[in-house]
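Engineer: Sequence:
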Amino acid sequence: MFPDPAPNSLSTVTVGLDESDESLAAADWAAREALLRQLPLRLVHVRESNPYARPYGLFPEAGIEDGPLPSAAADLARRHPGLTVTTADLRGRPAAVLAGESPPDDLLVLGSRALGA
102 MFPDPAPNSL
112 STVTVGLDES
122 DESLAAADWA
132 AREALLRQLP
142 LRLVHVRESN
152 PYARPYGLFP
162 EAGIEDGPLP
172 SAAADLARRH
182 PGLTVTTADL
192 RGRPAAVLAG
202 ESPPDDLLVL
212 GSRALGA
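What the sequence shown shows, in the working numbering, is residues 102 to 218, in sequence order.
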């Protein structure tokens, strides 16, 4: 006989989020999974860290209020009562940042998109 596995060996369900329909579908799936596992959901949006240069300075980077996080977090919390949702708006290369933001004791959920990763 094998011993029963730990009831919940994960600590968080983390989902990478952008403006694509695929990432929103992944976030919804992740929310249901987090509820089933009684875990918090963490929405992570990663922006490339290269602002565009202008002759007299840099374009200001869009703030978190301009990205997908606030509306997605509110929508998921509304549709999944009891779900704890946190967000992180980060800078860098999305694949590397998402891998670093999801430690081994997390479940990382990603959508797919055809924009060439």
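If you're looking for bench data, these hints aren't it; they were derived computationally from the structure. Please read these numbers as outputs of a predicted model, since none were measured by experiment. There may be inaccurate statements among the hints.
[Claimed, not checked] Pairwise CB distance ranges, derived in the manner of DEER restraints:
#1 Gly201 <-> Glu123: 17 to 23 Å
#2 Ser110 <-> Ser150: 20 to 26 Å
#3 Glu134 <-> Ala175: 15 to 21 Å
#4 Ser110 <-> Gly183: 18 to 24 Å
#5 Glu149 <-> Ser110: 32 to 38 Å
#6 Asp176 <-> Ser110: 26 to 32 Å
#7 Asp122 <-> Leu191: 30 to 36 Å
#8 Asp176 <-> Pro205: 15 to 21 Å
#9 Pro205 <-> Ser172: 29 to 35 Å
#10 Asp206 <-> Gly183: 20 to 26 Å
#11 Ala126 <-> Ala196: 16 to 22 Å
#12 Arg192 <-> Leu136: 27 to 33 Å
#13 Glu134 <-> Ala200: 15 to 21 Å
We treat Cβ as the ideally placed atom computed from N, Cα and C, and that holds for glycine.
Engineer: All the hints need checking, so say for each whether the structure fits it.
Structural biologist: For each hint, the structure was consulted:
1. Gly201 <-> Glu123: 17 to 23 Å: holds (22 Å)
2. Ser110 <-> Ser150: 20 to 26 Å: violated (33 Å)
3. Glu134 <-> Ala175: 15 to 21 Å: Holds - the Cβ-Cβ distance for Glu134 and Ala175, about 19 Å, lies within 15 to 21 Å.
4. Ser110 <-> Gly183: 18 to 24 Å: For Ser110 and Gly183 the Cβ distance comes to about 21 Å; the hint holds.
5. Glu149 <-> Ser110: 32 to 38 Å: holds (33 Å)
6. Asp176 <-> Ser110: 26 to 32 Å: Between Asp176 and Ser110, where Cβ atoms are some 29 Å apart, the hint holds.
7. Asp122 <-> Leu191: 30 to 36 Å: violated (22 Å)
8. Asp176 <-> Pro205: 15 to 21 Å: violated (29 Å)
9. Pro205 <-> Ser172: 29 to 35 Å: For Pro205 and Ser172 the Cβ distance comes to about 30 Å; the hint holds.
10. Asp206 <-> Gly183: 20 to 26 Å: holds (22 Å)
11. Ala126 <-> Ala196: 16 to 22 Å: holds (19 Å)
12. Arg192 <-> Leu136: 27 to 33 Å: For Leu136 against Arg192, whose Cβ atoms are near 30 Å apart, the range 27 to 33 Å holds.
13. Glu134 <-> Ala200: 15 to 21 Å: At roughly 19 Å between Cβ atoms, Ala200 and Glu134 fall inside 15 to 21 Å, so the hint holds.
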